[in-house]
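Novice: Here's the letter readout for the chains.
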Amino acid sequence: MWHNLLPDEYKLMEPALRLASAILDDPETLHFFAGLTIPTRQMPCRMIPHIGICPVFNVSDPLSAAGLRNTYNRLVDMRNSMRWCLQPQEMMMQRFGAFGVTQAMVDDNDNTIEGARGPAYVSSAFSAEFG
Amino acid sequence: MYLGSHPSKIGLGRFINDTQFLAEIPLQDTIIIDEESAIIRSTLLMADTIVHEFTHAVNAAYFDYTAVMSPVAGSTPQVWEPYFAGDRANEVGHVVSSFVFRGNPQAITQFSIPQTQLSHNQQQHIGTLGMFWTNKWDRWRRDDGGIGGLGASRIIDDIDFSTPGLYYPVPQAHTQKLFSTRLWQDEIHRFGLNALRFPILDKWAAEWTPPMYEQGNWGTGSFNVGPAPSSP
Numbered sequence: 391m392w393h394n395l396l397p398d399e400y401k402l403m404e405p406a407l408r409l410a411s412a413i414l415d416d417p418e419t420l421h422f423f424a425g426l427t428i429p430t431r432q433m434p435c436r437m438i439p440h441i442g443i444c445p446v447f448n449v450s451d452p453l454s455a456a457g458l459r460n461t462y463n464r465l466v467d468m469r470n471s472m473r474w475c476l477q478p479q480e481m482m483m484q485r486f487g488a489f490g491v492t493q494a495m496v497d498d499n500d501n502t503i504e505g506a507r508g509p510a511y512v513s514s515a516f517s518a519e520f521g
Numbered sequence: 007m008y009l010g011s012h013p014s015k016i017g018l019g020r021f022i023n024d025t026q027f028l029a030e031i032p033l034q035d036t037i038i039i040d041e042e043s044a045i046i047r048s049t050l051l052m053a054d055t056i057v058h059e060f061t062h063a064v065n066a067a068y069f070d071y072t073a074v075m076s077p078v079a080g081s082t083p084q085v086w087e088p089y090f091a092g093d094r095a096n097e098v099g100h101v102v103s104s105f106v107f108r109g110n111p112q113a114i115t116q117f118s119i120p121q122t123q124l125s126h127n128q129q130q131h132i133g134t135l136g137m138f139w140t141n142k143w144d145r146w147r148r149d150d151g152g153i154g155g156l157g158a159s160r161i162i163d164d165i166d167f168s169t170p171g172l173y174y175p176v177p178q179a180h181t182q183k184l185f186s187t188r189l190w191q192d193e194i195h196r197f198g199l200n201a202l203r204f205p206i207l208d209k210w211a212a213e214w215t216p217p218m219y220e221q222g223n224w225g226t227g228s229f230n231v232g233p234a235p236s237s238p
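In the order they appear, the protein sequences are chains P and S. The working numbering numbers the first residue of the first sequence as 391 and each following residue consecutively. The working numbering numbers the first residue of the second sequence as 7 and each following residue consecutively.
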């Protein structure tokens with residue numbers, strides 16, 4: 391539970407947390423994340439002159455039960471790669487102009503913390519607005 | 007459903023009425039918008055934000071941006087996220103929301119002086135006046151050269167002005183279905199995510215071009231001032 395969050399406030403948020411969880415649990419959603427998390431070098435690429443290499447992903451082909459479990463575990467493993475917190479609305483709008491933001495997580499020396507697959511990946515922290 | 011006698015209810019009711027008042031809706035045309043309906047829209051918007059940001063986080067933890075370093079700008083990585091097939095922009099948060107709901111749910115808002123920016127943001131949170139979704143989330147995006155650092159999205163082509171951008175309302179009945187046992191004990195097992203996706207109400211669709219993107223003078227398509235039209 392978040393520090394300083396009142397039981398009444400959690401009660402208001404809970405349906406949103408449950409809906410988000412139900413969406414992320416869904417097998418169809420897992421096919422989306424299976425497509426998103428294939429090794430980057432296996433993604434087909436487009437060469438766009440003013441940008442450069444643009445990797446393209448798609449929803450995964452039908453997964454076996456083991457494949458689904460594997461993808462589900464990747465989402466659960468995000469517990470090791472992210473943390474999230476709630477911030478006041480005014481601060482979010484002033485600093486980010488957004489209701490939610492995902493940022494790279496840094497250690498005490500301001501170095502980006504490694505992501506799930508090693509140094510080329512970033513771990514992330516995200517804040518959602520609380521107003 | 008969720009508010010009951012929660013103390014937020016009074017403030018929310020006031021905010022709903024104030025929004026209509028400040029929008030200068032004539033008194034006889036204001037409608038009763040139930041606080042419960044607003045908190046349910048707000049709940050959907052929050053769930054959408056959570057899924058949106060979580061997807062950015064998953065991408066950040068699994069996407070190897072060093073694999074797509076471009077020669078174009080030296081060692082600066084050009085893209086932080088992959089493109090979903092067929093999209094113009096790379097922004098996995100908007101992509102996941104379009105995948106789950108068919109489009110990104112957004113609050114219908116009204117903003118004019120003397121409302122504050124904060125009260126406008128609050129409308130965006132609460133969905134005071136209802137919600138809409140658009141048929142393509144990256145419809146009006148223009149490439150900004152990737153300024154904005156980590157997470158900046160890049161746009162691969164110019165805006166297509168030959169077809170209209172379509173805006174659909176989200177029926178309140180659908181929003182409330184998302185929190186029903188009918189959906190989670192029955193429909194989800196039979197229809198999958200299609201049971202969550204917003205219905206396409208063609209007859210209620212609106213075409214809209216953001217003012218700054220209108221082509222020509224006052225959206226006429228012509229940039230020429232030209233001679234004044236001759237009188238008949």
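Derived by calculation from the structure, the hints in this document are not laboratory data. Treat the hints with care, as some may be off.
Each computed DSS-like pair below joins lysine-lysine, with the alpha-carbon atoms no more than 25 Å apart [stated by the list, open to error]:
1) P:Lys401 with S:Lys209
2) S:Lys142 with S:Lys183
3) S:Lys15 with S:Lys183
4) S:Lys142 with S:Lys209
5) P:Lys401 with S:Lys142
6) S:Lys209 with S:Lys183
Novice: So, for every hint listed, does it hold in this structure?
Specialist: Quick rundown of the hints versus the structure:
1. P:Lys401 with S:Lys209: violated (38 Å)
2. S:Lys142 with S:Lys183: holds (24 Å)
3. S:Lys15 with S:Lys183: holds (22 Å)
4. S:Lys142 with S:Lys209: Holds, at about 18 Å.
5. P:Lys401 with S:Lys142: violated (34 Å)
6. S:Lys209 with S:Lys183: holds (21 Å)
Hint violations for this structure: numbers 1, 5, all remaining hints satisfied.
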